[in-house]
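There are 2 protein chains.
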Amino acid sequence: MASLDLCDLRLQDDGRFPWVVLTPRRAGAVELADLSYADQCRWLVEVDLAGRLVRALGEAWSRPVEKLNIANLGNVTPQLHWHIVGRRSDDACWPGPVWGQGSPEPLGQETVENARTIFAEFAKQG
Amino acid sequence: MASLDLCDLRLQDDGRFPWVVLTPRRAGAVELADLSYADQCRWLVEVDLAGRLVRALGEAWSRPVEKLNIANLGNVTPQLHWHIVGRRSDDACWPGPVWGQGSPEPLGQETVENARTIFAEFAKQG
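Those protein sequences? They're chains A and B, same order as listed. Using the working numbering, you'd call the opening residue of the first sequence number 1 and step up by one each time. Using the working numbering, you'd call the opening residue of the second sequence number 1 and step up by one each time.
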């Protein structure tokens, strides 16, 4: 959906949760420790942006986020990537984690386009 | 188990995985974004240390870590805390997440004391 300074940002195709994935564009990186400290500091900025975006998506979907879940698992896909998931106490998996639970609900085209618009607003704010 | 500059570091009482929890000593912090940027940069250093400690525990248990899982969920316990879990492709939950899966296997006193010794070695290295 967007290319940030360090990471590619993608919207997860699952309407159960506002959920984005940040993937640093660093070849061979698997662990956070594989990034330089400078990259890690930049990653902090982009995780913060991703969290605000997820909260904005929750508002747009009339399901305001109550808690962010931020995680690097990478047990299936080794390339370093971070999940930022907006959770609510009435969501499909609460209070458990979302990974591998239930079936994703694909996003409609309109929802994806709306997410792009929201992201573009963020990008303007820098 | 230890008080770092920012976080308390605890060993999770579950012998299925080398697993520590980092809890920043910042009253009221729930999300990573509740920490100042300076605290977040310090947190990066302590997450790195925690990851190296988890790997050292894996070595000590003759179960070298293949992948770290690093996550803030906080759906049950809101106070900001981070899990750093050493995973292996032959562990009890692989490739799924560890939270809420199966039953913890309490650590013996000897294992806990050994972990303290390993941590003390790390602390000396700074």
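Careful, some of the hints might be misleading.
As the list makes no split between identical chains, a pair holds if one copy fits it or if it spans any two.
What the hints assert, rightly or not - Think about it this way: if two alpha-carbon atoms lie no more than 20 Å apart in a straight line, the pair counts; the simulated EDC-like pairs of lysine to aspartate or glutamate are: (1) Lys67 x Asp34; (2) Lys124 x Asp90; (3) Lys124 x Glu113; (4) Lys124 x Asp8.
Since the hints were derived computationally from the structure, they do not count as laboratory data.
The hints, checked one at a time:
{"no.": "1", "hint": "Lys67 x Asp34", "result": "between (28 Å within a copy, 12 Å between copies)"}
{"no.": "2", "hint": "Lys124 x Asp90", "result": "neither (32 Å within a copy, 46 Å between copies)"}
{"no.": "3", "hint": "Lys124 x Glu113", "result": "within (17 Å within a copy, 53 Å between copies)"}
{"no.": "4", "hint": "Lys124 x Asp8", "result": "within (17 Å within a copy, 38 Å between copies)"}
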